[in-house]
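All chains should be modelled from the sequences, with the hints used to inform the complete structure.
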Amino acid sequence: MNTIQNIQAEIVEDFEMFEDWMQKYEYLIELGKELALIEKQYKTEDNLIKGCQSRVWLHAEKQDGKIIYTADSDAIMTKGIIAILIRVLSEQKLEDIIHADLSFIDTIGLKEQLSVTRANGLVSMIKKMKLYALAYQN
Amino acid sequence: MLDISKIRNQFPILSSKVNGEDLVYFDNGATTQKPQSVITAESNYYQNENSNVHRGVHFLSGLATDKFEETRITIQNFISAKHSHEIIFTKGTTDSINIVASGYRALLNKGDEIIISELEHHSNIVPWQMCCEQSGATLKVIPLLDNGSLDMIAFENFLSENTKLVSVSHISNTLGTINPIEEIIEKAQAVGAKVMIDGAQAAAHIPINMQSLGADFYCFSAHKLYGPTGVGVLYGKEFFLTKFPPYQGGGEMIKEVSFKKTTYACLPHKFEAGTPNIAGVVAFKSAIDFITELGLSNIAKYEEELLLYATEEVLKIEGLKIYGTAKNKSGIISFNINKLHPYDIGMIVDKMGIAIRTGHHCTQPIMERFNIPGTARISLAVYNTKEEIDICIKAIKKAKMMLS
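For the protein sequence lines, the chains are V and G, in the order given.
Under our numbering, read the first sequence as residues 7 to 144, first letter to last.
Under our numbering, read the second sequence as residues 105 to 508, first letter to last.
Derived by calculation from the structure, the hints in this document are not laboratory data.
Small disclaimer: the values here were computed from a predicted structure and weren't measured.
One should not assume that every hint holds.
To be verified - Facing chain V, from chain G, some residues (calculated, C-beta under 10 Å): (1) Leu-243; (2) Val-245; (3) His-445; (4) Lys-490.
Claimed, not checked - Some chain V residues well away from chain G (every beta-carbon gap over 10 Å; in silico): (5) Glu-32; (6) Lys-68; (7) Thr-84; (8) Lys-136.
A virtual CB, placed ideally from N, CA and C, is assigned to each residue, including glycine.
Here it is as structure tokens:
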């Protein structure tokens, strides 16, 4: 089963293989290039995440009780980071997203890889993803 | 000739490691590092001299006051001001500009005009927008030419008897352009306008002389000049500072207080309400001494040499474009590479121990002018070396390779 917990464990395993920051960054860049892009019509001011230094748009759609996220950013590393979050949270049940414990972020050292301002952006992304789930639930 | 390795030895932070690599610090436009003499002066103040300044009768208060006022005289000499009471201590450049903007708010009326430029830092834009909103005056903006210099023809066309104030930066923090402030001052004053110069990026890099320059106001921050944060200078001609109403009310700035009528202190204390950043002001003197000892013209010459070298070398990177190519430039290089986002470049070179700044540098109108989200910026100081430029360029090339 592709539960949030399982996917997190996979990502942690991926990151354990990396020996230095450069491999981690190259991985993020790769993920960024593969990110499922948001449709142009959703690249609106409303979908823009506040708190990120580069621009990040996030869109969420409900399908069969699950949420599908798409996103884009003008910076490739940011795209890589949001791609990881999407891999974990997209196509999951509303309930699971809202209560998700994203401990893998600390385990893989993603926050330490980012400067404080970027880490704030990461927190804003997660918050916005959870807020979408909450909004659809209500 | 400056002995750069001797200079570097005075800055403890420059021998530190970042992400396992030797630190290369190219974010001097944001703030410079501090020499040991400044660090020692600040801690020595708290260890041996601390007391509140002015009006104390005891020994330590006298000592603190002497030290504090000594810095004022040092700055007076540093910028060749006519009087020491024309030097007001502030929190920094932003604070200095706000004091003048607040003074003008009371003096301006509908129909009056203030001129700024398109390359200003937000701190030399927003206070004037607020001033215009509250006074009914109009804000005019000198446009930029493609090379990042000011459109001086447009500037001259703006000037009229309605122009009350022109406020422009001496050096652009994003583009490095050294503005022709002598010409701006002369032409503005010819129509009866006053001129304020934001010298935040200039004071540590080129010599300034208030009496020959003739600016009505000039301001800068200590922390961009090898000094502590939280301290700045507002230079203003005696006549205006006397005419302005006080900026903040409180202790220190009064002559007599009663519930019937309060009278204000004379310059400079009228603008220094409350207990100031005494330790910072005291240590500021050590920063000025550091610069004076090296000689600003020596510093300017060395930094120009570094700028030329860095410009030549970065331009060898394919797809790299420099924003700000004015003829008269200070040690700032803003650039982008192809369509790469500056944040991506900044993050990768950071991992190699290199501090550059990325983003809009608090100059969003410049970004709009060139239609870019931001730039990566290298800004130089006297302790930087050609070897550091080589290391940085190697790192930028690596980032480019990883991101392309």
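Hints versus structure:
This hint is violated: Leu-243(G) has a C-beta 26 Å from the nearest C-beta of chain V, more than the 10 Å allowed. A distance limit of 10 Å between C-beta atoms decides the matter here; for Val-245(G) the minimum to chain V is near 25 Å, and the interface restraint is violated. With 10 Å as the threshold, the beta carbon of His-445(G) comes within range of chain V, its nearest partner Cβ sitting at about 4 Å, so the hint holds. Proximity of Lys-490(G) to chain V is violated relative to the hint, the smallest CB-CB distance being about 26 Å (cut-off 10 Å).
At roughly 6 Å, the least C-beta separation between Glu-32(V) and chain G is not larger than 10 Å, which violates its mark as non-interface. With 10 Å as the threshold on Cβ separation, the claim that Lys-68(V) sits away from chain G holds: the shortest Cβ distance comes to roughly 31 Å. With a minimum CB-CB distance of about 7 Å to chain G, Thr-84(V) fails to clear the 10 Å threshold, and the non-interface call is violated. For Lys-136(V), the shortest C-beta to C-beta distance to chain G comes to about 24 Å, beyond the 10 Å cut-off, and the non-interface label holds.
When each numbered hint is compared with the structure, violations occur for hints 1, 2, 4, 5 and 7.
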